[in-house]
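Q: Spelled out, the chains give:
Protein chains: 2
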Amino acid sequence: MSTSNTLELIEFRQQCQQRVDQRLGAALDAEIVSVTLLEAMRYACLGGGKRIRPVLAYASALAVGGELAAADNAAAAIELIHSYSLVHDDLPAMDDDDLRRGKPTVHKAFDEATAILVGDALQSLAFQILSTEADALGANNRLAMVQLLSQAAGATGMVGGQSLDFEAVGVKLSIQQLEQMHSLKTGALIRCAVLLGGMSCGSSSNSQMSALASYADNIGLAFQVQDDILDVVGDTSQLGKPQGSDSDKNKPTYVSLLGPDKAKALANSLAEKAIAALQGFPTSADPLRELAAFVVSRLH
Amino acid sequence: MSTSNTLELIEFRQQCQQRVDQRLGAALDAEIVSVTLLEAMRYACLGGGKRIRPVLAYASALAVGGELAAADNAAAAIELIHSYSLVHDDLPAMDDDDLRRGKPTVHKAFDEATAILVGDALQSLAFQILSTEADALGANNRLAMVQLLSQAAGATGMVGGQSLDFEAVGVKLSIQQLEQMHSLKTGALIRCAVLLGGMSCGSSSNSQMSALASYADNIGLAFQVQDDILDVVGDTSQLGKPQGSDSDKNKPTYVSLLGPDKAKALANSLAEKAIAALQGFPTSADPLRELAAFVVSRLH
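Chains as they are written, first to last, in my numbering: chain A, -7 to 292; chain B, -7 to 292.
Think of the hints as simulated: they come from the structure by calculation, not from any bench. Every clue listed holds true.
Same chains, same label: a pair holds when it works inside one copy or across any pair of copies.
The list that follows gives simulated cross-link-like pairs (lysine to any residue, SDA-like), each with its CA atoms no further than 25 Å apart:
no.: 1; residue 1: Lys164; residue 2: Val25
no.: 2; residue 1: Lys164; residue 2: Val27
no.: 3; residue 1: Lys100; residue 2: Gly162
no.: 4; residue 1: Lys164; residue 2: Phe102
None of the values given here were measured: they were computed from a predicted structure.
Looking at chain A on its own, in the form it has when it is part of the complex:
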């Protein structure tokens, strides 16, 4: 990635972050009667985070010839699912983390009951946004997006992967088992972000969607391998969570399985495969291409 591409990507990411923050801020408004719940939902969602999934959704919309605005609802919905999963993940009964994005986690800043309810409400809101907001898309497309998000979020996707992750504590997994776990736990939602972005302009072809799916599968796995690397080599202030918090819990990681060098080589090769999947796309897919490189070069 050249310096000028890096600068352009930073600008693009900032633009996407602003768009999704605005959309989320509007959704988390005064219609919510419980003051505590509204405050805690805003705390969990606004003003922080890499917004990598929304950025992917926006970049994917551009790649198929759409405009950024078309992906606002998809970006917000996917970030709501991601945010809820973090709130629940951090709970004492789950990963028991006190810090997230450099701030106290929701159950620390509020309490456990509120954190459980916040996660539950954020998930509902994701489906509300996809189903409620008036946009140029017809009902068939929007229903297909609800379907995709529900599959990616639930027992056949993210939550299924989280459960496999718990089942794996203290167990020596094969690389195939680790890949299956991560393809659900983090991959499903990243894949969904890319696909929802592609669907959001309503005119993407089947071959474009297949290419996006292939891009997304590779980038999703690359993202997880890089996360495992950062868990070992990153420092707490940059990560926003204690360094080594996953390896401490005796969870299998790509680094523990492959060693740091081979893990790094795997991440890079997955990013290259992701970029190769976009071969037929015009320059409007450049942000997606640059995001693939970013995912494996990021430091937190």
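Following the hints, put chain B in place on chain A, whose structure we already have.
A: The following block gives chain B in isolation, referenced to the frame of chain A:
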């Protein structure tokens, strides 16, 4: 309610329970990779419960001239949302209950992390069923059902009410505040069950939907008042949870606010209003009428 009506209602309820159990059993199948998650989801959802919300959805479909089969997806989706809320409600950080429907709660039978994930996955599955299953309804209707369910389930509905309930512990509420809390906490989902049932045959008129909404608002509140009465006078073996578990927690209830006699009179008057709202409906609305009487006469 005459004896023959009672017998017919028991039969109708059994028929509905079988239908929704079949639909839920099919949705909770082997496609879910995590063995623990699948087992715990089935434990949480199958083989128990009054299924009052599905029964209302089916009865509502009949009332507007539809067939039972049309409401299968609506009934299953609404029961999934209800089941997830029970699993999360029972958690130690929430109501801390060890028994539900006479069985150990999910976090007792499994563990807390699994119970959190089970609730999360059941919520996703509700939206997946509404958006995925092929039925005679068009995309516009199904999208409207997703919209309604997401609003009823989340911060503007059930979860918002749960949060208000927590905010109310140890606080002396006015009857209006108590009503607002319950209209969200339990009313929103009961209303949604009735409306989804009415929408599920795709041909209900606006005036029919308004009448169903009025029926549902009254029956929803009646349900809660009766719950408060049973919490004081019911016994643990029939309730499936420790008697007095709500009043012990210093939560405001209709009985603590009005006394048992006035609470009972309120429940009966709400059931009568619900039945009155169905004045224009043919005899196919009889199950809905009988359910209104059942809700305030039930012993658990």
